[in-house]
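*Asks:* Protein chains in written order, with this note's numbering: chain S, 53 to 414; chain R, 187 to 561; chain H, 2 to 152; chain D, 17 to 175.
Bear in mind the hints are in silico, worked out from the structure with no lab data behind them. Backbone N, C-alpha and C define an ideal beta-carbon position, used for all residues, glycine too. You may find that some hints are simply not true.
Unchecked claim - The calculated lysine-lysine pairs, modelled on DSSO-like cross-linking and capped at a C-alpha distance of 27 Å, are: (1) R:427 x H:24; (2) D:120 x R:482; (3) S:109 x R:377; (4) H:84 x R:484; (5) D:120 x D:172.
Stated by the list, open to error - So the derived label-pair ranges between C-beta atoms look like this: (6) S:225 x D:36: 29 to 35 Å; (7) D:52 x R:436: 35 to 41 Å; (8) R:379 x H:8: 24 to 30 Å; (9) S:398 x D:57: 57 to 63 Å.
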Amino acid sequence: MTFNIYDFTELTRSIDDGLKAVMSPGWALFTELVLIGLVFLILYALIGLFLVYAERKVCAFIQNRLGPNRVGPVGIFQTIADLIKLLMKELIPIKNADKLLFNIAPFIVIIASFMAIAAIPFAKGLHAIDFNIGIFYVIAVSSLGVVGILLAGWSSNSKYSLIGAMRSGAQVISYELSVGLSLLTIVVFAGTMQLSGIIESQANGWWIFKGHIPAMVAFVVFLIASTAETNRGPFDLAEAESELTAGFHTEYSGIKFAFFFLAEFMNMFIVASMAVTIFLGGWMPLHFGTGNLFNHIMDFIPPLVWFFGKTFVVIYIMMWFKWTFPRLRIDQLLTLEWKYLLPINLFNILFVAFLTLMGWHF
Amino acid sequence: MQEEIIKNIILGEEEDYLINVGPQHPSTHGVLRFEVSLQGETIKKVVPHCGYIHRGIEKMCERDTYPQIIHLTDRMDYLSAHMNNEAVCLCVEKAMEVEVPERVTHVRTMLDELTRIASHQLWWCAMGMDMGALTTFFYGLRDREHILDIFEESFGTRLIQSVNTPGGLMQDIHPGFQKRVKEFISYFRKKLPEYDQLLTDNVIFRERSEGIAPLSREDAIQYGVTGPSGRASGFSCDVRKSEPYGIYKKLNFKEILRTEGDTLARYKVRIGEMYESMNILEQLVDNIPEGDYTAKMKAVLRLPVGEFFQRVETSRGELGVYIVSDGNKTPYRVKFRAPNFSNLFVISKLAPGYKIADLIAISGSLDLVIPDIDR
Amino acid sequence: MENNLLKQHLEGLLPEAVFAENKQYTEVLVPSDKLHAFCERLKASPELQFDYLISLTAVDWTDHFMLVCHITSTAFRHVLVVKSRIDDKEKPVADTLSDVWKTAEFHEREVYDLFGIRFRNHPDLRRLFLDDDYGFPLRKDFTDETRMIVK
Amino acid sequence: MKAVIDYLKDIFFGLKTLVTGMRVTGRYFISPGEIITQKYPENRDQLKMFDRYKGEVIMPHDGNNQHHCTGCGICQINCPNGSIEIVTRKEMSPEGKEIRVIDKHIYHLDMCTFCALCVKTCPSNALAFGHDFENAVFDKAKLTKILNKPGSSLKKEVK
Chain S
53 MTFNIYDFTE LTRSIDDGLK AVMSPGWALF TELVLIGLVF LILYALIGLF LVYAERKVCA
113 FIQNRLGPNR VGPVGIFQTI ADLIKLLMKE LIPIKNADKL LFNIAPFIVI IASFMAIAAI
173 PFAKGLHAID FNIGIFYVIA VSSLGVVGIL LAGWSSNSKY SLIGAMRSGA QVISYELSVG
233 LSLLTIVVFA GTMQLSGIIE SQANGWWIFK GHIPAMVAFV VFLIASTAET NRGPFDLAEA
293 ESELTAGFHT EYSGIKFAFF FLAEFMNMFI VASMAVTIFL GGWMPLHFGT GNLFNHIMDF
353 IPPLVWFFGK TFVVIYIMMW FKWTFPRLRI DQLLTLEWKY LLPINLFNIL FVAFLTLMGW
413 HF
Chain R
187 MQEEIIKNII LGEEEDYLIN VGPQHPSTHG VLRFEVSLQG ETIKKVVPHC GYIHRGIEKM
247 CERDTYPQII HLTDRMDYLS AHMNNEAVCL CVEKAMEVEV PERVTHVRTM LDELTRIASH
307 QLWWCAMGMD MGALTTFFYG LRDREHILDI FEESFGTRLI QSVNTPGGLM QDIHPGFQKR
367 VKEFISYFRK KLPEYDQLLT DNVIFRERSE GIAPLSREDA IQYGVTGPSG RASGFSCDVR
427 KSEPYGIYKK LNFKEILRTE GDTLARYKVR IGEMYESMNI LEQLVDNIPE GDYTAKMKAV
487 LRLPVGEFFQ RVETSRGELG VYIVSDGNKT PYRVKFRAPN FSNLFVISKL APGYKIADLI
547 AISGSLDLVI PDIDR
Chain H
2 MENNLLKQHL EGLLPEAVFA ENKQYTEVLV PSDKLHAFCE RLKASPELQF DYLISLTAVD
62 WTDHFMLVCH ITSTAFRHVL VVKSRIDDKE KPVADTLSDV WKTAEFHERE VYDLFGIRFR
122 NHPDLRRLFL DDDYGFPLRK DFTDETRMIV K
Chain D
17 MKAVIDYLKD IFFGLKTLVT GMRVTGRYFI SPGEIITQKY PENRDQLKMF DRYKGEVIMP
77 HDGNNQHHCT GCGICQINCP NGSIEIVTRK EMSPEGKEIR VIDKHIYHLD MCTFCALCVK
137 TCPSNALAFG HDFENAVFDK AKLTKILNKP GSSLKKEVK
């Protein structure tokens, strides 16, 4: 169905074979790791820069403003200018802070988001590693970032930071459940935990369309829970600007602050791409029916465009949330999870299991 | 004995988790400091500390002549600058028994209501932002710009008009004043429902404000909480009704009263007042009487010996101006009964038992302007 | 309520009260040792119900201090000015009204801060705005060469 | 049962209010006509202040470099902040009388609060408000201005 020119499996395999031909398997693996690392590093930086710019533009348009418009045409180089500023800023040493943990925390946060990106299939055959338990891997790794946040809050010896960190801990622990359970509904449908397998299962239609209402419900729950898990508004209690000045990263400056900042955006990208992979067919094009002209036109659009297009739509929705709603209070945040999202999710899974047993889905 | 009290109040108990909200904090709209003792996220005690921008306006007034005092009062509650000016002017006019032309009282009342709307708009922006809805800030300021343009066209300044003088106004309104006010009202009647859609009806906002920190009517009176915050508790404290000045006596308007007294009620009173102020403006805009824009005043004003008190309703509550004159051209003593001063201290009664996020919402709903507290 | 009627009521409450003539509001001068009891009765009396303290301040008349309270009733809306003379310039002391009207607590703190008048039985008499060693700026004999601009 | 219905009602009501709010912001997102940002330094040419705008106090001079200020000092007395200082000198008039002439009308913009008392009380209308508002400087001393231009003189008609 998909065109072979858009299949990256051949490309990656030929690179692998080429490397193995000139060096020993161990060195080939090492070179591949370095290559992948470089590619992801560049991708990471580009996506980060773009997302920061996108968020500033989105919030500006929502608020009747122009947004960045000074550096470069329509301000597209603004984030690069900001990055240079952040790189050159002084790193303020904090008295009485736990130096080691204080310095390590931003790296933990950023490494966690780095690890999660490895499992994301950008196109057919274009992923660093295809676990057979891909979903579990992503869930597990994406919640590692909170360790960094907790450390940052605890080690900076500031009361605001500590409250922020504790809030973040409570928040991630609760919302992790909903994220996992809402993903599980699709696992039940698809019958596999491998991300590539889930995408393949959507070749004849995305799960959000063919999964009836339960997939819809799971998608909404996943959107809410993942927004909360990435500490973004209206769930940005960990940094709650009006209450805790800047929450867990109050004491950070310069490039260390930039790491937190970048990690927040990358986490958003990761959860959005997970939503796309699980619910919206990943890199699969949009199809209606079978074999008609519309489907053929859709097939010509490269999968990478499909993937990033869908991801940015989801990211836009998350930004839309942030710039519309007031922030929740900590107890309401937990109420929302334990009294609303979790029961809904559990019933949803039961319902899905029933549907699958009876074979009533497409 | 003195030291013992200080120690008790500032330090609290040993195991308390104390944090400072302010003086440099994004949600204290000015330099105010709350010393908050927490247990987890729950507030045990709040002690407000003020005086960071105390400028001694009352002392400065003692060396200034009456026209000079007026521009100092702008700097107290800068968001209701015109009402503050008017309070001093009314007090001086009452003391000197000056008959002010009808055009002046008319225009002053219109400016009062415009200032009130502008102030409530800014409050709405900040309230939303305190709650974490950052977009409200831009919508409110966008609409407020229209009022500031009206002020700028007529009087040349935006936030602080400095247009009142004992006996009238410094300059007449611009010929385009009425047209602009009408345009503003028709514009704002369209935009105000958006405020409700965006924030008032929002389920998160409701959860955060409904039933939070209710203030009973008795407590409101005991603490002297006036203005919209007092009226939300059912304390009918509108000076425009109880001791009418200007032409409020002739006007047909409602005093917005609610009985719940919680954060949502305080919010809703202000939204209601914006509608009510537009009603007042509509009654006034078409029939501004012709005439002089100032009464004939002597070059040097001397008040007769005595004491004079004038109450005015500003956008935050009741402002009282108390002037003691010994017959000189400068007053002997001036006291401003600032509305925010009384409104501030009720927070140490309201906040305990609620979460730290609620403290921000409560102080937002009390709508404090710090220079008015410190003076 | 009519001024005359109000006066009658007040005279009933406190025979030694002195009334000032030709004022905007009814004005009554109360001896400082009777002030607290008088205010309590003002608030409790069912005909008067002075339950809302608008403002409490002081005036420095160089030889004595004058406490000035503006009080009103939320039910009847009549305003009364209660004054009390404090003769001791060295160590001025007055009774606190904060147990009658809660808001007086903070107005009294302000008066203490700016005039140096101490209030007996006040729950929390600290300086409100200024440093502990600043002096009392609203007293007429206060001078501060470094920070005050004299025209 | 009722509890369950209330629970579901809560959810739907909540979602509805959230969607209402998102509709407002979403509408502004797609309507660029409502953008109110002004590109300030670029639009300097089109930017016109209102006629009555109070930028700074100026002393209007006519084509012959003549102004209206007699140096009476009323503005100095009326200024609440002491932001006006007047330096006068004595000069012999053609008739042989000694008259007071303004030497320097010093105006401290950094202390001015734009209360307009000087402009309002000037008996000979010598002062006015200018429209210039770009007063940001690096040195505070630059904000002290001398309002009468060098070599200017008093207009004949003004007494």
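*Asks:* Does each hint hold? Answer for all of them.
*Replies:* Right, here's what the structure says about each hint:
no.: 1; hint: R:427 x H:24; result: holds (22 Å)
no.: 2; hint: D:120 x R:482; result: violated (33 Å)
no.: 3; hint: S:109 x R:377; result: holds (23 Å)
no.: 4; hint: H:84 x R:484; result: violated (33 Å)
no.: 5; hint: D:120 x D:172; result: holds (19 Å)
no.: 6; hint: S:225 x D:36: 29 to 35 Å; result: holds (32 Å)
no.: 7; hint: D:52 x R:436: 35 to 41 Å; result: holds (37 Å)
no.: 8; hint: R:379 x H:8: 24 to 30 Å; result: violated (52 Å)
no.: 9; hint: S:398 x D:57: 57 to 63 Å; result: holds (58 Å)
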